[in-house]
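Peer 1: With the hints as constraints, model all of the structure from the sequences given.
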Amino acid sequence: MILVVFFVLPVCLLAVISFFPTSPMTGMRTGFAPENYRYFWKESYFLKATTRTFEYAILATIFTALISYPLSLWLVGRSRKVRVTVALIVVMPIFITVVERSLGWMAILGTNGMLDSILQSFGATMPRLLYTGTAVVIGLTNTLLPFMFLSVFASVRRLDPSIPAAASTLGASPMRVFWRITLPMTSSGLTAGTALVFSLASSNVVTTSLLGGGETTTIPVLLYEQATVVVDYPLSAVLAVSLCVIIIVVMNLILRLTRKGGGEQAVVVPQ
Amino acid sequence: MRTLHRTKNLIAVVFVTLIATFMLLPVLVVMAEALTSAEHVAFPPSGLSLKWIERALETEIFTDGIVLSLEVAAGVAIVGGIIGTLAAYAITWHDFRGKNLVETLIVAPLTLPAIGTGIALLSLESMLGLIGKSWVLFMAHLMLSIAFVVRLTGVGLAGIDRNGVVAAATLGARPRTVFWRIMFPQFRGPLVVGCLFAFIISFDEVGISLFLAAPASTTFPVALYSYMLENYDPLVMAAGTLLVLFSIVPILLVQRFVGIARALGLDE
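Which chain is which? The protein sequence lines are A and B, in order.
Its first residue numbered 1, the first sequence is counted upward by one per residue in our numbering.
Its first residue numbered 1, the second sequence is counted upward by one per residue in our numbering.
FYI, nobody ran anything at the bench for these hints, they're computed from the structure.
The structure displayed is predicted, hence computed values, not measured ones.
Don't take every hint at face value.
Which bits of chain B does chain A cover? Going by a derived footprint, with three or more residues having C-beta under 8 angstroms, they are [said to hold, decoys possible]: (1) 8-18; (2) 21-28; (3) 112-119; (4) 232-238; (5) 254-264.
Output of the computed footprint for chain A on chain B, the stretches with three or more beta carbons under 8 angstroms from beta carbons of chain A [stated by the list, open to error]: (6) 42-55; (7) 122-133; (8) 207-220.
All C-beta atoms, glycine included, are put in the ideal place defined by N, C-alpha and C.
Peer 2: Next comes the structure, spelled out in structure tokens:
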């Protein structure tokens with residue numbers, strides 16, 4: 001089947017290649033060179049890029065969650081028209097490629113860009129934003145918000161509004177209702193969104209390389225350079241394997257964390 | 001109490017407006033800047049003209065990219081639709097050995113970060129001397145899209161009343177007639193949406209395409225990305241606008257067939 005040839009085979013190959021010695025002519029040759037991995041872990045340059053990668057990913061995940069959750073809670077109480085319209089505005093940009101949206105942020109955040117011009121007309125000066133980590137986090141939050149929102153909104157909408165209502169009738173304070181009922185009952189969407197956004201953010205090349213500069217290099221960006229400019233396949237394979245392993249482990253941890261907590265099963269709804 | 005309620009409402013409205021602006025602004029800014037008649041990107045854009053759009057349509061790297069992207073996306077939609085339907089049919093209507101494995105395999109490409117798949121395919125290409133072949137790109141897009149077709153069509157297929165199929169067969173309809181006259185009309189809607197999603201996914205894909213880009217295999221978004229790394233001018237904005245326009249067509253089609261909100265599960 002196609003999937004085996006174009007997915008399973010290349011991925012297995014990737015793990016093998018990551019052990020190949022580099023060859024300056026063709027990018028690699030066959031052999032066994034575990035020092036590739038040692039190189040990766042010893043070079044502080046890569047370790048710094050790794051921490052930066054996950055720093056941006058974690059920030060983007062937190063921001064998307066902080067936007068999606070209150071928005072979803074507010075939306076479920078609205079009329080169908082408002083709900084669908086706002087939800088569509090948030091989700092539709094998913095269909096417009098990240099390249100175009102990053103371009104938009106360049107036009108907004110850059111020197112003489114939209115924000116700069118508006119601030120200038122008020123006589124204020126804007127701090128340099130484009131090509132900094134701030135721009136990267138803004139861009140990632142923007143491009144990944146639809147993914148977080150889709151899964152959070154789905155679980156918030158499934159919550160039966162009579163349950164929190166019953167809790168407050170029985171005398172629970174709004175805070176208590178939120179922490180004990182609403183949040184635990186909708187945590188499945190939140191964790192699914194977190195896993196997805198974290199994975200997409202920590203493997204992002206386009207937004208990070210366009211909105212970030214030299215000092216914001218992340219592992220995916222380095223990997224892309226190694227593969228296409230330097231043509232060092234073994235090193236890019238090492239980067240890819242290391243990154244993917246970390247991402248998959250973190251995703252599974254996040255997903256398992258809530259399953260253990262009981263999630264939706266914690267509340268027994270009397271029939 | 002009433003003022004408190006009103007303040008709460010006001011905060012909510014401001015919050016939602018801010019989010020909507022945050023999501024729409026980057027898209028709209030590009031379109032506004034593309035229509036400038038000036039030679040440089042500046043805000044607010046001065047003048048109004050289509051000259052940059054025209055120039056973008058005359059720039060070979062973009063037009064080549066548009067043609068390739070449309071070809072690949074259309075191919076992915078058609079082939080993905082066929083393979084996806086067959087797979088969905090096998091999964092929803094039959095039990096067979098290794099069914100779980102097949103299901104896992106279908107979603108697997110979506111769980112591995114695109115950079116992993118991208119570099120894996122690139123090194124495979126280099127080993128086999130296939131660098132820059134656009135059919136590898138096509139296959140990569142195909143395997144990303146199939147999961148969506150299978151899921152959407154699967155829901156449609158699962159909803160078919162099996163008694164109707166059995167009845168038609170008992171009454172003497174040939175298998176082909178049963179398929180086209182009884183089954184197909186019942187899952188046509190989800191299938192069309194699945195194909196359109198496949199088209200959009202392929203057209204917008206950059207993660208893997210970046211790695212597979214060579215002169216003959218540079219898709220439109222990748223061409224724009226490479227151009228953007230070196231240039232920042234109204235031509236980029238015009239190309240970005242074209243990209244949005246091309247993405248809007250399939251979305252409008254989805255809207256026509258089932259309603260985009262329903263297709264995304266945002267509406268009941």
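Peer 1: According to a criterion of three or more residues whose C-beta lies within less than 8 angstroms of a C-beta of chain A, is the region 112-119 of chain B covered?
Peer 2: holds (count 8)
Peer 1: Are at least 3 residues of the region 8-18 of chain B within less than 8 angstroms of chain A when you compare beta carbons?
Peer 2: Holds: 3 residues of the region 8-18 of chain B have a Cβ under 8 angstroms from chain A.
Peer 1: Please count how many residues of the region 42-55 of chain B have a CB within 8 angstroms of a CB from chain A and say whether that reaches 3.
Peer 2: n = 3 at 8 angstroms, threshold three: holds.
Peer 1: Can you tell me if the region 122-133 of chain B counts as covered by chain A, using C-beta to C-beta distances under 8 angstroms and a minimum of three residues?
Peer 2: Since 5 is at least three, the answer is holds.
Peer 1: Can the region 232-238 of chain B be counted as covered by chain A under the rule of three residues or more with Cβ-Cβ separation shorter than 8 angstroms?
Peer 2: holds (count 3)
Peer 1: Check whether three or more residues of the region 254-264 of chain B sit with their beta carbon closer than 8 angstroms to a beta carbon of chain A.
Peer 2: Holds: 3 residues of the region 254-264 of chain B have a Cβ under 8 angstroms from chain A.
Peer 1: Go check the region 207-220 of chain B versus chain A for me, would you? Three or more residues, Cβ under 8 angstroms, otherwise it fails.
Peer 2: With 4 residues in contact (Cβ-Cβ under 8 angstroms with chain A), the coverage given for the region 207-220 of chain B holds.
Peer 1: Between the region 21-28 of chain B and chain A, are there enough contacts, at least three residues with CB-CB distance under 8 angstroms, for the coverage claim to hold?
Peer 2: holds (count 7)
Consistency note: the structure conflicts with none of the earlier hints.
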